[in-house]
Structure formats: C-alpha cells, structure tokens
Amino acid sequence: MTQQTMARPVQLPRSGVFVGQLNLTPDHGSVSTRVAVAGKDLPPNARLQLIWESYDARWAIEQRDGQDWNEFNGINFNQRIELITAVETDDQGSLHTSFVVPEDYGGVHDVYLIDPHQDQKVNKAGFRLDPNVTLTPQSGPLGAPLTVTMTGLNAAHPMEGWYRIWYDNVQAGLLTAVSTRGTAQAIIPAVGRAGKHLIEVKTGAMGQASFLQVDVSPFAYLPLFKFEFALTAGPPLLPAPIEEQLQPENPVSEPDSALGRPLLWTDYTNVPARSALGLSGRGLPPDTTLELFWVDMESNDVNEDFFNTRYSGRRSAIGQVRTDEHGRFSYRFVPESLQGGARAIEAQLDGRLLAKTYVRMTPWPYRLARKSYAIGDPMELEIDGVGWTETEKILCLVYDNSYIGYVCGNDLMGKVVAKFSATGAPGWHFLQVYPAIYKKKDYADAFETPFLYRLPLLNWQDLPHGFHCNYAFQVTEK
Amino acid sequence: MVSKLQAKPAGRKVDRRTFLKGAAATLGGAAFLGSMVASNFEAAAQTNQAWVIFSDIVRGSGGSPVGTLCVETSVFTQGEQIVFRVVTYDGKTGALVNTPDEIEARGLKVTAEIEGQASPLELRFGAHPPKTPAADQHFYWAKGWLIPPNVSGKLSYTIKVEDKDGGKGILEIAGFKDGKYFDPFPALLSIQKA
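If you're matching them up, the sequences are chains A and B in order. Numbered by my numbering, the letters in the first sequence go through residues 1 to 478 in order. Numbered by my numbering, the letters in the second sequence go through residues 1 to 194 in order.
Mixed in with the good hints there might be a few duds.
To be verified - Label pairs and their calculated CB-CB ranges:
id, chain 1, residue 1, chain 2, residue 2, range
1, A, Arg310, B, Leu69, 31 to 39 Å
2, A, Pro13, B, Pro120, 15 to 23 Å
3, B, Pro120, A, Arg47, 29 to 37 Å
No lab work stands behind these hints, which were simulated from the structure alone. Ideal placement from N, C-alpha and C gives every residue a C-beta, glycine not left out.
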C-alpha cells in the first residue's frame, strides 16, 4: 500500500485549469481495491502529488458545560485530505502508479493530482467507493452471533450512508457509520427454526419502511446484499448474564492542576445507575461544612407542547460534608437518581455554588422476571439509568431480530419499563436493546432523507454513549 | 410570457420557503423542493449580496444522454450534457427578477464556473421549453455543458450573477469551503466514466 497520511492535513489548492488526463482503473470498488492511476499529456518531468479527498464526520450534539447535552443537530463534516503518494511525470508528461483504497466513507472521492510547488490543481478523477458487506459465520446454532460488517457507507449522502438489516423479511434495525469512518459492524443472534434463513442488507434512508424498487430508481447503483445462513441443530448459544453486560467503568485520577480553585471530581467518569460513587474535593474552604447536590433534568415531554420540549434542572440534596484543614474532602454515596446521562454534582456553601463536576450515569438493565413464558404471556423489560437527551433517552427493543418498539427515559426520570408479549415457536428466543436518536432539533428536517429517528442503531458504538444488551428466554406452549 | 410566479412587492420580507417555492415553480416545477434546488440564500443574507440565486441542473438532450432528458439526476456520465438552470431574486427586496424587461433593465449576467475548466459558461435567459405554447413556458437562465471525456468525480461549480451596477450574487456548489462541509447537495452530483 502506497498511501500515507500527511503529517499535517493540507488544504487543496483553490484553483487551476485542468491539464491533460487522469484515469483510474477501476473507477469504483470497495475498500482495499487496488487502483491503477494513469496520466497523460501532463506537464513533463513534474514533481506532483496524488491526493485522496475525503471528510471526517461526527454526530452534531449540543454541547453545554463540556458535556453532550440535549439537542441533536444532524452531522458535522470536515474536509480531510490525504496524500496517496508523490509522483513524477516522465518527459512525455505521463505517469503510472497505483494505490489501495483505504477504509473510508463511501461514495465518490476525488483523486487530485496537484502541483504543491505552484499550489495548483493539475487534474482530478473520481473514484466511487462502493459499499460492501460480509457475514460471518454462514452457519451455526440458535443464538449464534452473526457478525454483519459493512464498509463504504457514505454519511455525507442522503441515500448512500444508511442501510438496514432484514432477517427473514423482518426489520432488525439501521446501520450507520458516522463516527466510524464508513464502517459499521452489527452482531445479531441466529433465530428461528433449524434450516435456511435469509439476511438482507438493504438501503434504508427512506423512512420507517424499506424502498422496494431501488433497482429502477435514480439510486439503482446502490447495491443490495443477501446472505443465506444455515441454522443448525444443537444447544443454543446464549448471551452472558445481564450483570456481565454492564458498560465498563472508567476510573479517574485526581486532576493534577486547577490553579488552586475549588474543584470536585468523581472516582469514575461513568458508572451504572444504582452504583456507589466516590466524590472528592479540594481547594475548598477549610474546616467547613458544605452541601452537596445532585442535579437531574426534568422535561415537559408529555404535554401539549410536545414539539418544544423544555428542560430544567432539579436539585436533590446528596448530603453534607466537612472539609479538612486543607480544604479537601472525600465522600462516598449511591445516587438516588435513576436518570442517565451527564449528571451534575454541585458543592454549595450557604446557597452559593463553589464547585461542580459531572459524572455519566449509564443504564442498569434488570434480569427478566422469568426464564420462560407461555405464548401470549405479558413480558416486561426494566432498565434504570436511561438518559434524557435526544440521543440517549430512548431505547429500542428487537425481538428475534424484529424491531418491535421503543421506550423513553423521560416518563419515569430514567427508568423504563417496556411491556410486550411472548410470541414464537416453543424454544429459545432473543431480545436485544439498542440506542436510537429520538428527533432532530429542526423537526421538519427529520422527515427528509436520511430518516434516522426512533430506529435501533445496530452499530450502536457509532452513537456517543450508545447502550446495548442481550437477553434470551424460552417460550412454551403453556 | 411572464412566469406564473409574480414578483413580490418591494420591501416585503420573504422567507426561505417562499423563495424555494418561487424558485421551484419558476424552474418548471421539476425541482424537488428544498433539497435539489441549491441557493445562496443564507450566504446572501449574511454578506449582503445583491442577488439571491436558485439553481439546479438537469440532463440535457445534447451529447449522448443515458437517461431521461430534462430531469434532475445525481450521477452524470461522460459524454452527457449537463444543463445549468438559474432564477434570480433581488437580495434587498426579495422580488423575483425574471422577465425579459427586468433582466434587460438590471443588466444581468449569469455565469457558471466549473472546477478545472478554462472558461466560464455564460447562461442565456429565455422561455422554456421551446416549441411549447407560451402559456406553458417558464422563463429562466440556462446553458448546456457537454461533459468532456477527461472529467470525472464530484461536480463542483460556482454560479455568479452580476448586474450593470456591480451588484453580485455567488452560489458555490463545491462541497467544502474553508475546510467545512456546508451543504449536502453537492454530494449528490458526480460524473462517472462512460
């Protein structure tokens, strides 16, 4: 591979009348395709550079006080320029080289030939990075984790960046690759009876349902993917106990500099709801009793003002602490709040804020009430620590790879209780929980493509603070 | 024949949706409202440009078309003809300026500069489609460009409007500006090998 990243990103030259010809063979392909580059009628004996033009993308989430806050504003993009290789034309103005297509966002990338000495574009050619999907394994028992890996998703395009997985013609959820540079990976369980099952990965930008005639649309160039999976007999592969699926906690060391200002910090950046948490402080008034407060966010989601949700902080007293002669303290407690997301902790003296910090509360999923259910039995799935923001407040349930609905953490201040019914043939069944985006700040935009809302994000790591867990249970005749 | 869309009275505040509706109607109703029509609406407001531009592109009848004529498409093929279409609004009053008399009185000139190409295209103002009863025609600026065999990749171009008094409007369809991606529209447009 001849590609290398420049030490510092560069801007493309802003001008230049194209000279000669630049050809790429092939002019489209998936990640890792080797591309031959041929140029002719170019300036002779010129030292030039071949540039791969792309972008970086990230979810645009409102920022406040250094935290991912409430509003979802779509996706932000920044141009990214990478040097493929330095090239030199011969005395006839020809050049020949090749490169390997990097793992990157899909869609059309311009491959520029530039003259860095003259700061001029010399020519360019387009390469379409095609999406590609692999499925592993191709066979396995009930519950076997099927890994769907998709490359070449184009987050900058309304149609090219959004696919969905369908399992035997039911929708499992959406694949996105905004923060993962065009690559999405989802793991779904093998479900159903022994025998052949069909897994399809189809473009999914158009609302809740699949568009079934892409082949005759302006986007007929978008490939659709179809795999057969052989579900074999044998003992099922079941997910780990739910307690072992909690997100890992990230320990925090005492900050090394704060210029002597009052400072609070927690012993972890994130902890599951209902977990003990250590809080420390320094730079505070010595030998003083301070009040500690926990701040939740209350919304008016469920009212007639639905489209203009407002939030306000609600402070709850954690307790009192006494600082030592150096103005330090340590305190350990279990937050009573069940609300997830970035939670503020404040230290106050006589109603005056002295210091504030944040800890991120992550979901705490409960076990299912029973290990088996008769067909039609009511089921409940309970999770604490669900967030309150547009990107954290809802969780989607996928039952045997079929998306059945979502729950919202704002109704019960961080607790969700999903109610549904047991269905399916007697035997093992699988339930998965995925994050989703509730809505966009500009609600009208949410009706345009791509439609990303209230859909399970199967590549859940793509979304900041995404949460995912797996359950299995048995269904009986009676 | 004047377009069915009537000019707004001078001084009346016109919002983006009104602009979009007017532009879509004037471009013959072919525009996909709000997403396939590109505009310098926000930029013109922020930088006090004299002209607000609405523009789309369609497949022309020239060259070797590989699909339906006179419709928008996102992927063109070398050898096809791209037709640039433009309507203009007065940036101060919000009024559509789209009759032959108005165009002449304001001394408007509209060009399209395509990345890497030596000479800008000069768009012509007229009634479309040709050989159609006047009542069914729309006025707009247009110019076809035959895609050369050595051009591929993203289609980046700039529409410029200038009047006889030096008033200007600029619409950049370039995807990135100063390192920032600013409009999803260009992501739709590309040229592939024949």
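Can you tell me whether the CB distance of A:Arg310 to B:Leu69 sits inside 31 to 39 Å?
Violated: the Cβ-Cβ distance is about 51 Å, outside 31 to 39 Å.
With 15 to 23 Å as the target window, see if A:Pro13 and B:Pro120 comply at their CB atoms.
holds (19 Å)
Assessment of proposed distance window 29 to 37 Å (beta carbons of B:Pro120, A:Arg47):
holds (30 Å)
Hint check: a violation occurs at hint 1 only; the rest are consistent with the structure.
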